[in-house]
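Chain B: place on chain A using the hints.
Listed below are the residues making up each chain.
There are 2 protein chains.
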Amino acid sequence: MQPQRIAVVGAGAVGSYFGMRLAEAGHDVRFLMRRDYDAVKSGGLHLSSHLGDLSLEAATVERTPEALAAHGPVDWVLVGLKATAIPDIPKLVGPLLSEGTRVLAIMNGLSVDEEIAAELPAGTSLFGGLGFIGVIRGEPGQILHQEFGAINLGHHGDDPHELQRGVDLFAGSKVEIRPEASLLKARWEKLCWNIPFNGLCVIAGGVPVDQVIEDPPLYDAAHELIKEIVAAGNADLEAHGQSARIDGPRIAHLFLTQTLGMGAYRPSTVIDYNNGRPLELDAIFRQPVQRASQLGIGVPMMSMVASLVGKLGERVE
Amino acid sequence: MQPQRIAVVGAGAVGSYFGMRLAEAGHDVRFLMRRDYDAVKSGGLHLSSHLGDLSLEAATVERTPEALAAHGPVDWVLVGLKATAIPDIPKLVGPLLSEGTRVLAIMNGLSVDEEIAAELPAGTSLFGGLGFIGVIRGEPGQILHQEFGAINLGHHGDDPHELQRGVDLFAGSKVEIRPEASLLKARWEKLCWNIPFNGLCVIAGGVPVDQVIEDPPLYDAAHELIKEIVAAGNADLEAHGQSARIDGPRIAHLFLTQTLGMGAYRPSTVIDYNNGRPLELDAIFRQPVQRASQLGIGVPMMSMVASLVGKLGERVE
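Taken in sequence, the protein lines are chains A and B. When you line the first sequence up against the numbering used here, it's residues 1 to 317, in that order. When you line the second sequence up against the numbering used here, it's residues 1 to 317, in that order.
No lab work stands behind these hints, which were simulated from the structure alone. Take these hints with a grain of salt, some might be off.
In silico negatives: residues of chain B with every beta carbon more than 10 Å from chain A [to be verified]: (1) H50; (2) Q164; (3) K227; (4) A264.
Which residues of chain A face chain B? A few of them, derived with a C-beta cut under 7 Å, are [as the list claims (entries may be wrong)]: (5) K91; (6) I203; (7) A204; (8) G205; (9) E214; (10) D215; (11) A221; (12) L260; (13) M262; (14) S303; (15) S307; (16) L308; (17) L312.
Virtual Cβ for every residue (Gly too), placed ideally from N, Cα, C.
Isolated chain A (complex conformation) (with noise of 0.2 Å):
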């Protein structure tokens, strides 16, 4: 693939990191930034990372949609913003796009998709990408890779051949792409980590992963929330009439046997209790139950946890 000129939007821990394995690929990579500007205009973007260090000496950073803009169209915008930002996205994003410019939008939750597509001129290219990575900001302009890596990605709409560009955007990068034919079925499955681990650790008093995944009881209670909202996900899938299911014995597996390896780990949703910010509440938690409960699957687990996690964000917010 060509060099590709692309903007980042909401450039916290997870737009910096696949912005920077991007540019690092040898695309033009821009970068739009609040917090971390004035440190990364004059000293670069750096990154600490076990798949390799990586320094950015002279990125290309903005504060404003409008500055970036003036460097020129560009072919992608990838966006990192949490989903409590999607109303922002018409200012944020409007102003970077032009005929052709593709979105991919590196965010969780079940249906910001279909949110993010209604921020969107009708027709906008819209890919959606689970972030399996644990990747924190650290001082101004500086990026800490902790964990994993990888991109699973789908396209709205599941265009195989739109899908294709978005994998080949990523072709001699450092990021693994897992090619998602169906976008729904990965935002579900992404869900049944970041429903019970984000869920549970906040609960628990905003503690890392190996609280919950170390604790039996806990373990358990993980354990039952990834089978109700597997069994939510597939009803959901039917009712969408796509074939894709989502295999719940191995997705269970997977992340139990992978989060007992990823130790203090802190789920974003963690880190945003801790320090006093507003949690994903809707889009993890509420527009899932709410899915569910429209099929009419029993969920009392998973509602238990998003009714717990939502008295708590409301004494944050």
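For chain B alone, kept in the frame of chain A given last:
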């Protein structure tokens, strides 16, 4: 019954309330106090209650058990300590015991009677009281009675003649006594309230009961918990060779409907949690789980709640 001489040890809200009601009924009640000693010594002890306000202007109050013992022997020691203070019983209660002194422990938890009995001279007649009451301390020397006010009373050893002595003690007072032929059954029944409501209210962030009981998924979780506790309790009664059984549907209906009427009431564990004090983890949560496990009764929800409260309790301690 002749006026009895009664020492109240652990004169927090619960101990002070029942001690005051016994004084009101004509008994000679003496209070061991720490935090509120100065206020009560100079200004008396005051109760605000929907069952009638009460002031003991010249309450007998001392700072040490030895000073209280100097007022002469007592017929009863009413213990209102937290379960976490059981190891202090020899020091706090010992000096007050003489031939025939009876001990009534108004405390939550599964095995507190056994644990208290082990700290008392052999042969001491020990009663267990489960307070169904909402009462908190206000300003020093002020007790605020919010809800209910009964004691489910049992005798450690389930001696019916002794039990009657306990019932008689409260005759003529404003305290409703519900005699319990099986103290073990009474303790499990009380756990059917404490585990779901003390537990879920703490987990939801230290909220009052209306936040749990008025939230359908948390209401369902409370109901599920009650079912598990009933199953464990009935197995425990059977293992103890007792014929008494908890009526699960009755207790669930009673507690769920009663709690719906309690409004913004905060269970004791929530008050402890919000004040950064140690939680009664062992007596209310861990011992019931351990007992269920020994009996081979599956209690996944109770185990989960115990683990979550445990994690939160560790942060407090």
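Status of each hint after checking the structure:
1. Every CB of chain A lies more than 10 Å from the CB of H50(B), the least distance being 29 Å, so the non-interface label holds.
2. At roughly 42 Å, the least C-beta separation between Q164(B) and chain A is larger than 10 Å, which holds for a residue marked as non-interface.
3. With a least CB separation of 12 Å from chain A, K227(B) remains clear of the 10 Å interface cut-off, as annotated.
4. No beta-carbon of chain A is positioned within 10 Å of the beta-carbon of A264(B); the least distance is around 14 Å.
5. A cut of 7 Å between beta carbons decides the hint on K91(A): the least distance to chain B is about 33 Å, and the hint is violated.
6. A distance limit of 7 Å between C-beta atoms decides the matter here; for I203(A) the minimum to chain B is near 6 Å, and the interface restraint holds.
7. The beta carbon of A204(A) is positioned within 7 Å of a beta carbon in chain B (closest approach about 4 Å), and the interface hint is therefore held.
8. The closest approach between the C-beta of G205(A) and any C-beta of chain B is roughly 5 Å, which is under the 7 Å cut-off, so the hint is satisfied.
9. About 11 Å separates the beta-carbon of E214(A) from the nearest beta-carbon of chain B, more than 7 Å, and the hint is not met.
10. Because the closest C-beta pair between D215(A) and chain B is about 5 Å apart, less than 7 Å, the hint holds.
11. Interface hint status for A221(A): upheld, as the beta-carbon distance to the closest one in chain B is roughly 5 Å, under 7 Å.
12. The restraint placing L260(A) at the interface with chain B is violated, with a minimum CB-CB distance near 17 Å, outside the 7 Å limit.
13. Taking 7 Å as the C-beta cut-off, the interface hint given for M262(A) is violated, the closest approach to chain B being about 17 Å.
14. With its C-beta approaching chain B no nearer than about 3 Å, S303(A) sits inside the 7 Å limit, and its interface hint holds.
15. Because the closest C-beta pair between S307(A) and chain B is about 5 Å apart, less than 7 Å, the hint holds.
16. The interface hint given for L308(A) is met, as the beta carbon of that residue sits about 5 Å from the closest beta carbon of chain B, less than 7 Å.
17. The restraint placing L312(A) at the interface with chain B holds, with a minimum CB-CB distance near 5 Å, inside the 7 Å limit.
In this structure, the earlier hints numbered 5, 9, 12 and 13 are contradicted, and the remaining ones agree with it.
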